[in-house]
Amino acid sequence: MDFFSEGFAKAVALILALDPETFSAVWATAGVTALALFASLALGLPLGFGLGYFRFPGRRAARLFVDWMLSLPTVVIGLIVYGLISSRGPLGEWGLLFTVPGMALGLTLLGLPIIISMTATAVETTDTRLTQTLLSLGADRWQMLIATLVEARFAMALAAASAFGRIVSEVGIAMMVGGNIKWHTRTITTAIALETGKGEFATGIALGVILMLVALAVNLLVGLLRRRAA
Amino acid sequence: MNSTIYSLRGIEACYSEPGAATGAADACVLSIPTLDIARGSIVGLVGHNGSGKSTLLKILGFLLQPTTGELFFDGTLVDRAALRAGHLLRRRAVLLGQDTCLLKRSVSSNIAYGLRLRGLPVTENLIARALAQVGLSHADYSRRSWQRLSGGEARRVALAARLVLRPEVLLLDEPTAGLDRASTEHVKAAVLSARQNLGTTLVIVSHDMPWLTSCADTVLQMDEGRIVSSQNELGAS
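First to last, the protein sequences are chains U and W.
First residue of the first sequence: 1, per this note's numbering; consecutive thereafter.
First residue of the second sequence: 1, per this note's numbering; consecutive thereafter.
It is worth saying that the hints were derived from the structure and are not from the lab.
Backbone N, C-alpha and C define an ideal beta-carbon position, used for all residues, glycine too.
There may be inaccurate statements among the hints.
[Stated by the list, open to error] One side only, chain W facing chain U, incomplete, derived with CB under 8 angstroms:
| id | residue |
| --- | --- |
| 1 | Arg-90 |
| 2 | Arg-91 |
| 3 | Leu-117 |
| 4 | Arg-118 |
| 5 | Gly-119 |
| 6 | Val-122 |
My request is simple: use the sequences and hints to build the entire structure.
This is the structure we're talking about:
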């Protein structure tokens, strides 16, 4: 237990002292997570809504593909993205390897299927009586689409929170595509892995505490939104 | 303005049985050779479960297209082309289905929703009046969340959300199900008031025969998709 208590005490000291190395990882994490989450939401919400709302040929195959994407190991995603953006890859000219946007690209591939799948499920499982209610009140197609979107808003917020949790805690893609470069692409998770490997448990615990606080804040926010909007 | 709001001629609603062989005859759940409903009348529909009452109500509410036959609304044939702009018809004939479904919003937002769809102004006075019609107080209920309503309260809010639209036709499927005696009296008063003050035509499905006969001009008995008797024999056969 001394291991944890000592580590925790040192963690508090590092956080209170605004340790530059610790907070460099925090800012890198915030940046890459914000980019990846924004891209995942911008692409995933309309795609997920379309997949759940409309009936079209190939819909089932599209759903299977998204579910398959959900189960892809993160190291495989890392490998694919590494292959795409490495100097010999098709996107090599863009110089994304070992950069924050490159990491965000990989993490977007992680978050995107979560947003698409959860949004599609939310729209599909919206109360089946809702369609009849909206029709009977005189809604046209566009108004029905908007109302369904609004009715599924909490489930979409939960999808965003889930994707955030997955993106912020990811280590494999960040390590492979970002390269864990100090002051640059070292995120909280890659720093924890590195510091723990070096025996610097306190720094690892400090970063872990920050990660948990961020996750707690996001979950509280989602809960608050859900209550207020109801 | 036509004195007959609905005219049904040879209406049938049929479904293919799941797993039925190709070419097998469809199962018809509704078969009405002739039915006329006068503007401003209150028509009750009674019958066992599965007798076709709700199917008829959905056809009258333009939520279901009959398999065969002709449906005239206010003297105009409602064909496939007319149903392409079905929302315009559904704004004139508003249905309250058997399963109440409120939007995940406050009571006042639920009541205002239909008005907003039509681009009509929403005022607290309108919402208060609609709530009062179903026996709910504006002060207690307007800001209440949909989650904090009992089944009976939700049903009355759903009715208020339709009354506030002042529709030409109001189609009610079991409007008093799960309501206590005082609430059913409020619903009855609201129904009679809509007809008297706005000239609304009402078609009401109910298992509560005493309540229905106290409201309706005509009560049609349905069985196996057919109208088998009419209390007043008003245009049904």
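Hints, one by one, checked against the model:
Residue-level restraint check for Arg-90 of chain W holds (minimum Cβ-Cβ distance to chain U is 5 angstroms; threshold 8 angstroms). About 4 angstroms separates the beta-carbon of Arg-91 of chain W from the nearest beta-carbon of chain U, less than 8 angstroms, and the hint is met. Restraint check, Leu-117 of chain W versus chain U: the minimum CB separation of about 5 angstroms is within 8 angstroms; hint holds. Annotation: interface hint on Arg-118 of chain W holds; nearest CB of chain U at approximately 7 angstroms, less than 8 angstroms.
The beta carbon of Gly-119 of chain W comes no nearer than 11 angstroms to any beta carbon in chain U, farther than 8 angstroms, and the hint placing it at the interface is violated. A least Cβ separation of about 14 angstroms between Val-122 of chain W and chain U goes past the 8 angstroms threshold, and the interface hint is therefore violated.
When held up to the earlier numbered hints, the structure conflicts with 5 and 6 and fits the remainder.
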